[in-house]
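Those protein sequence lines, which keep their order, are chains A and B.
Sequential numbering of the first sequence, starting at 1, is according to the working numbering.
Sequential numbering of the second sequence, starting at 1, is according to the working numbering.
These are calculated hints, taken from the structure and not from any lab test.
All figures in this text were calculated on a predicted structure; none of them were measured in a lab.
Just so you know, nobody snuck in bad clues.
Per the computed footprint, the stretches of chain B lying under chain A, defined by three or more beta-carbons under 8 angstroms from a beta-carbon of chain A, are: (1) 63-77; (2) 84-93; (3) 103-112; (4) 116-122.
All C-beta atoms in this analysis are idealised placements derived from N, C-alpha and C, irrespective of residue type, glycine included.
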Amino acid sequence: MNPKQIACFVLMALIGIIVYVAQIVHQKVTAMRQEAEDAESAATTAESERSTAEIKTAVIKTETEELRRFLRSWLPAVDKIQTQQEVKQTIELSLREGGITLIRQNKDEPKSSNTNKVIPKSVLTTLTIEDEYAKVLNWFGDIERRLPLARMKAVQVTGGSTARQLKLDVTFETPIFDLKAVAPAKPAAKPNDKEKKS
Amino acid sequence: MTDYLCHDFKTPRTDAARRLPSTFRFIPIIFYVAIVGSAYMMTMDYFAFQKAKRQKMEADERKSRIEGERDSLNSEFAELEAESKKAEAVAQWMEGARNIQPIVVKLARAVAAETRLGTLSLERDEDVAANIALSLKVSGTNATTEVINIENALGQLQYRSLSPQQTKTEDDIEYRSTLVRSAQ
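With the rest of the complex left out, here is chain A (with noise of 0.2 angstroms):
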């Protein structure tokens, strides 16, 4: 080969590299851009998901309203008692503020539940008391009151050993809410996030 071939050879080399490295660099631009519209994309998907999410959030609040304000006035009840000893407490107190004659020793059972999350535990009470008309169904109202969460299971008036006397048998249950056992949901993973992990 001659010198000119050579420097020909050369030059072609040079063309050939100058044109390979303006193709990979174009081919990074490609695919920044590339890249640059996927963000794009994924901003637009998620701005749909926002939105999306931004609808269900408003509807629920909206169509929920009624029932957490429901829940709310009934939270300071559900707080209060607790324990089985707290419903014992307030049945003695309620017996006692009321000048009841309590008949049969009221007996307090404690029932778990493993189906109802909500109410895991609730105490079952059973009561037999006499007194005076008025008296007797005071103090039913008055249990109520301070139990408001107390389901009245079965009642029993008769009358009582004399013509002014009521004889009352109640059976109760006083449910133990555990509103903790019910936690809002996680949202689930998005695919591309366990693509990142694996």
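Please build the complex by placing chain B on the supplied structure of chain A, with the hints as guidance.
Showing chain B alone in chain A's frame:
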């Protein structure tokens, strides 16, 4: 300098190597074109790269901001859902825990003084706690009228008697029914 010497310098000499084909003259032109073209392309690519990088960064920032808002909304949604579930559980319980004392008082007041109200029993249904099985015994001459009064009194408390049954024996009436809370 003499003419001879000048002539001597200009003496044509034979090529050391063979001439290249004429088409090879384009190689340097192509080389310069390649340099200029590449310089142009790379400059354009550089600016495009910077622009794309900026766009990507902005989009990523926007995405992370929006995702933060979305996650916050999703958390709020989950909390609202959990709260409504709790409320539903409490409401479900409370539906079967309505006060019974007003019923007892209303029934006692519904009957006239000369009529005797015998055993009064109220029992909640095991399956549907909101329903109450009522059983009572009315004694007196106007027992039939008193039963109607009792039903009216229960109506005032938003309860209606479901499948009421009456067993009459002389002046006594044994009344049984299931009290169902009327929809408000």
